[in-house]
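Undergrad: The listed protein sequences derive, respectively, from chains A and B.
Quick note, the numbering used here runs 3 ahead of the 1-based positions in the first sequence.
Quick note, the numbering used here runs 3 ahead of the 1-based positions in the second sequence.
Keep in mind that the hints are not guaranteed to be accurate.
Copies of one chain are not kept apart here, so a pair can be met inside one copy or by any two copies together.
Stated by the list, open to error - Derived EDC-like pairs (lysine to aspartate or glutamate); straight-line CA-CA distance at most 16 Å:
#, residue 1, residue 2
1, Lys24, Glu93
2, Lys43, Asp120
3, Lys115, Asp34
4, Lys8, Glu44
5, Lys115, Asp14
6, Lys18, Asp34
7, Lys98, Asp109
8, Lys84, Glu61
Quick caveat, the hints were computed from the structure, so don't treat them as lab data.
No experiment lies behind these values; they were computed from the predicted model shown.
2 protein chains.
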Amino acid sequence: MQLLKERIVKDGTVKPGNVLKVDSFLNHQMDIDLINEIGKEFRRRFPSDKITKILTIEASGIGIACIAAQYFHVPVVFAKKAQSINIDGEVYHTKVESFTHKKVYDVILSKKFLDADDHVLVIDDFLANGCALMGLLDIIKEAGATIEGAGIVVEKGFQQGGQIIRQNGIHLESLAIIETMTDTSLTFRE
Amino acid sequence: MQLLKERIVKDGTVKPGNVLKVDSFLNHQMDIDLINEIGKEFRRRFPSDKITKILTIEASGIGIACIAAQYFHVPVVFAKKAQSINIDGEVYHTKVESFTHKKVYDVILSKKFLDADDHVLVIDDFLANGCALMGLLDIIKEAGATIEGAGIVVEKGFQQGGQIIRQNGIHLESLAIIETMTDTSLTFRE
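With the rest of the complex left out, here is chain A (with noise of 0.2 Å):
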């Protein structure tokens, strides 16, 4: 997606670590206007009508996946990093391994938002080592339903998430694709 690479280039910073921050305009600080072409373009790429439900993870999927929802006409459910006292009855439950914050948590989802009949696309602003978008795979897998696909913002492609999830048969489209990072630079796969 040009202009989301474009938009990259222009306001993301490079960080030493293979970081890459895009806090000005994506997941901190977030540009409705370009996240709106992001859903469009989500929309684009999986055209098909028999998605019933976005499935994110908080906190900086949920902005992203309510504005492709509105291009889809279905729910979005957000998947959540901890036990809550506000969850209350049957949950799924898979734990991740977060890049960025070097720890393991707990990812539960409320059964009564996801079940068999449910075809579900996975949208999600990252994908590095695909340990987030795996424990959401591996809801929809416990919830029984059928995975549509995953639609993610950016991609280090030079991390193992996006080959595993690709060899698994999962339709994964990722809008940035980050071939190589150095400590000040960036290439994007064509």
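Model the placement of chain B on the given structure of chain A, informed by the hints.
TA: Same frame as chain A, but now just chain B:
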């Protein structure tokens, strides 16, 4: 907002301990059509063209703020609930006590995304004792920015938050105000 009140009556559930669960349409599963109407209503109640930013707090405020922002044509910034290695540079910082989770957490916002030129509308899903909202107002004051108001989806009118905020002269608009809650039922303030 009549549509919202009707939805709370239809799909909300009241639990002992003054817990109102609206997780089937507002803050776990999200009904995007309803949230779009909520966004339009916030715009109607805050018609000022001075607003430069919408501020919310992760996680459940983000989707609502993003959908609403489409009617204001301004970016969303969301405060984060814990220190992250991905927040660099200077941050605004406050502490918030969570009614839901019974704990105090740190809330931070990168100084890059809020300054004295900003006119800020705060948007969040719930207002109860007001701690989260007052934390966000603290951050706006710390930035030297102007508070244009606060838009809340559901206010628990029998808790003190709304009263404190209004007494401070803040333009507060809550789309549904719960007047009374028992363990099994609720009434709205007219």
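Undergrad: Give the relationship of Lys18 and Asp34 under a CA distance limit of 16 Å: within one copy only, between copies only, both, or neither.
TA: neither (21 Å within a copy, 37 Å between copies)
Undergrad: Checking an output row: Lys115 and Asp14, CA cutoff 16 Å. Within, between, both or neither?
TA: Intra 40 Å, inter 13 Å, cutoff 16 Å: inter-copy only.
Undergrad: Within a copy, between copies, both or neither: which one fits Lys43 and Asp120 at a CA-CA cutoff of 16 Å?
TA: neither (25 Å within a copy, 32 Å between copies)
Undergrad: Can you tell me if Lys84 and Glu61 fall within 16 Å by alpha carbon in one copy, between copies, both or neither?
TA: Both: 7 Å inside a chain and 12 Å across chains, each within 16 Å.
Undergrad: Checking an output row: Lys98 and Asp109, CA cutoff 16 Å. Within, between, both or neither?
TA: within (5 Å within a copy, 24 Å between copies)
Undergrad: With 16 Å as the alpha-carbon cut-off, assign the pair Lys24 and Glu93 to within, between, both or neither.
TA: between (36 Å within a copy, 15 Å between copies)
Undergrad: Are the CA atoms of Lys8 and Glu44 at most 16 Å apart within a copy, between copies, both, or neither?
TA: Within one copy, since 13 Å is at most 16 Å while 34 Å is not.
Undergrad: Up to 16 Å between alpha-carbons, please classify Lys115 paired with Asp34: within, between, both or neither.
TA: Between copies, since 14 Å is at most 16 Å while 32 Å is not.
Consistency note: the structure conflicts with the earlier hints numbered 2 and 6.
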